[in-house]
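Chemist: Given next are the chains, with one letter for each unit.
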Amino acid sequence: MILFLLPILVFLLAFFVLPFGVMLYESMFLSPLLAPENPGPTLANYAKLLGDFFYLKIVLQTLALGVAVTTLALIIAYPVAYLLARARSRQLLVFLIISPLVVSVVIRSYGWMVLLGRAGTVNTLLQASGITEAPLALMYNWFGVTVALTHVLLPYMILALASVIEGIPESLEDTAAVLGAGAWARFRYVLLPLSLEGVGAGVTLVFMLAIGSFVSVLLLGGSETLILPLLIYQQVMLINNNFAAALGAALLIISLALLYVQSRAFRTRATA
Amino acid sequence: MPIIQSRRELLQAFLAGSASLLVPADRAKAAPTNIVASSFAGVWQDGLKAGVIPCYKAKNGGDVALVFGTPSDFVQKIMATRDRPAIDVVIGTDADVFQNAQLGIIEKLDASKVPNLARLVPIFTNPYEGWAFGYDGGRDGLSVNTKKIKEVPKSWVEFTEQVAKGRYGRAVMYPHLTATDGYAITWLINRELGGNLNNPEPAIKRLREMKPYITKFWTSNAEPGTALTSGEVDIAAWTDGRTFGVQSAGHKEIEFFLPTPGSPMVTICFMKVKNGAESGWDYLNCAADAKNQAAWNQFFPGYYMSSIDNDYPPASREKQDPTSLDKSFRNWILPPWKELARVRPAWMELWTKEIGA
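Quick mapping for you: the protein sequence lines, in order, are chains A and B.
Our numbering puts the first residue of the first sequence at 1, with every later residue one more than the last.
Our numbering puts the first residue of the second sequence at 1001, with every later residue one more than the last.
If you are wondering where the hints come from, they were derived from the structure by calculation, not from laboratory data.
A portion of the hints provided could be inaccurate.
Unchecked claim - Pairs of lysine to any residue, SDA-like flavour, derived with a Cα cap of 25 Å:
(1) B:Lys1147 - A:Ala249
(2) B:Lys1211 - A:Ala249
(3) B:Lys1147 - A:Leu115
(4) A:Lys57 - B:Lys1211
(5) B:Lys1353 - A:Asp52
(6) B:Lys1148 - A:Gly120
(7) B:Lys1274 - A:Pro32
(8) B:Lys1353 - A:Ala249
(9) A:Lys57 - B:Arg1208
(10) B:Lys1211 - A:Leu138
(11) B:Lys1108 - A:Pro229
(12) B:Lys1353 - A:Tyr46
(13) B:Lys1353 - A:Tyr233
(14) B:Lys1108 - B:Gly1069
(15) B:Lys1147 - A:Asp52
(16) B:Lys1338 - A:Leu33
(17) B:Lys1165 - B:Tyr1213
(18) B:Lys1353 - A:Pro32
Next up, chain A with everything else stripped away, as it sits in the complex:
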């Protein structure tokens, strides 16, 4: 058994544990640009991160973006996943759902820029139809970032949900219907409890990807959409790798903690 696991353990050690160790180690020093005399190991980077409300606010903003994107993706994805799981012929649907993943996230983000821009398709249609007089600010703000990220991450949620819904026998829904359950009751008391594992997997996956997203936020965000990955990028640009490492460690620890909590919560509820 150990022999079978050895390759993956070596892989994890080499490409996850060791780099994470280096990152933690780096985070214990100050940038040579800030402290050329190198005062040695210090927790100053973490003190700055935890002791300054500004940086805590960025952590909260990052988490809030993750919650917003995950919630939207879940609401949109569930009916689509249900349709996919129950469809007789799935090939076209699967292709339509997966096809956005074939396109680079940069191209998809630029696509949203064409749609949401001041002179973009949405604003042009809104103004032409008389709904708005002036262009709406749909981009370079939280709205644009949330819309684009939801689109980018939606396929992950759909696929995670569909794989679980597919395993729920249709006969259970039919039985509930025969017993007088309406559509909402069938969803609430049959489908949802039995698909919680898929909800958990999708929520975890989308949330992790959302709080670590960079390209879409960089291209579609504005001055207020500062989240941890962007802040890390800024620090690396300024060769303050040490503070960037502390921020990276914080992001990873938050992700791992949430992953643990979510997996525990959904496992407990799914098996209850």
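Starting from the known structure of chain A, fit chain B onto it as the hints suggest.
Modeler: Same frame as chain A, but now just chain B:
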């Protein structure tokens, strides 16, 4: 005695594998005349291939492998491979020169090994105190959609006042402080508003007032071009060369204006990486040569080159700043890059907190 005695050695051990991946295979064979030089992608490398690289090959017999990225990418690669650097000759902006010197990854230029240094315009060498030489000079100014904006601000301060009043609506782009142009322009505006190196508050206060009308603080030099041509913004603090590129692509309505008191001097600098190949000096000498600079300039008409011996074709001359052509450089303002490198972290922190992403 422990095998690994210092933090640097520990990191080197971890990074040794990845460092070897960064070094091209031909370099790993330790051919002494093959070097690795950094470049920007696209037309920039085409310009180098037209003059500097053939010059090096002819003089040295070796080859030049180009690596592409941003100045920060280059610095990160060099820092990870200090003793046997992945790059021998590095380019960067003015803001990077003293930062790189402080990081100890570049060495002072040796005039005896780069004789063409003597033929460079002093404004391209003096500010860098021997750590680098400037290659091409471009101006920062205002790129304006003249179909939308008829009255162009005459000065930088007027520009900031008009933006803050909402005169152009939410259709303005301004460079982020992480971009060297952003740092240079913000320094100049701060100076014009009464601030100084240790007090960036006047500029930050004005930028806070402008912020509701700034569509985006651009971080990539390509962003304003896309935004101006798509109608996303009508006015942007940007560079002359990039604006000329947009005009060449058919957008004649986008014009460049130079506000008073002028443009901060921003150039791309060439630096010799410490512990890099000795033949890097030959490459630097080729980069400082007028003929090779002229070959590069064909791809970037409008940029002023640093060699004093340069002459320019009419198409390039008509786009250049007249005060660079007459070598008075009255329209160019030299930012104190050495001091700016020192205060950059403090400015950046204030910017991040007050202005945002």
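Chemist: For each hint, tell me whether it holds in the structure or not.
Modeler: Going through the hints against the structure:
1. About 49 Å separates the Cα atoms of Lys1147 of chain B and Ala249 of chain A, which puts this hinted pair outside 25 Å; it is violated.
2. Between Lys1211 of chain B and Ala249 of chain A the alpha-carbon distance is near 31 Å, which puts this suggested pair outside the 25 Å criterion.
3. About 23 Å separates the Cα atoms of Lys1147 of chain B and Leu115 of chain A, which keeps this hinted pair within 25 Å; it holds.
4. The suggested pairing of Lys57 of chain A with Lys1211 of chain B holds, with an alpha-carbon distance near 19 Å, which does not exceed 25 Å.
5. With a C-alpha separation of about 11 Å, the suggested pair Lys1353 of chain B and Asp52 of chain A falls inside the 25 Å cut-off, and the hint holds.
6. Between Lys1148 of chain B and Gly120 of chain A the CA atoms are separated by roughly 17 Å; this keeps the pair inside 25 Å, and the hint holds.
7. Pair hint Lys1274 of chain B plus Pro32 of chain A holds up; C-alpha atoms about 17 Å apart against a cutoff of 25 Å.
8. Between Lys1353 of chain B and Ala249 of chain A the alpha-carbon distance is near 21 Å, which keeps this suggested pair within the 25 Å criterion.
9. Only pairs whose Cα atoms come within 25 Å are accepted, and Lys57 of chain A paired with Arg1208 of chain B is accepted, the gap being roughly 19 Å.
10. In summary, the hint linking Lys1211 of chain B to Leu138 of chain A is supported, as the alpha carbons are separated by about 16 Å, within the 25 Å threshold.
11. For the hint pairing Lys1108 of chain B with Pro229 of chain A, the CA-to-CA distance comes to about 35 Å; that exceeds 25 Å, so the pair is violated.
12. A hinted pair counts as satisfied when its Cα atoms are at most 25 Å apart, and Lys1353 of chain B with Tyr46 of chain A qualifies at roughly 17 Å.
13. Annotation: proposed proximity of Lys1353 of chain B to Tyr233 of chain A holds, straight-line Cα distance about 15 Å (limit 25 Å).
14. A C-alpha spacing of about 23 Å is found between Lys1108 of chain B and Gly1069 of chain B, which places the hinted pair at or below 25 Å, so the restraint holds.
15. About 46 Å separates the Cα atoms of Lys1147 of chain B and Asp52 of chain A, which puts this hinted pair outside 25 Å; it is violated.
16. Distance restraint check for Lys1338 of chain B and Leu33 of chain A: the Cα-Cα separation of roughly 13 Å lies within the 25 Å cut-off, and the hinted pair is therefore satisfied.
17. A threshold of 25 Å between alpha carbons decides the hint, and for Lys1165 of chain B with Tyr1213 of chain B the separation of about 9 Å falls inside it, so the pair holds.
18. The straight-line distance between the Cα atoms of Lys1353 of chain B and Pro32 of chain A is roughly 22 Å, inside the 25 Å bound, and the hint therefore holds.
Checked against the numbered hints given earlier, this structure breaks hints 1, 2, 11 and 15; the rest are met.
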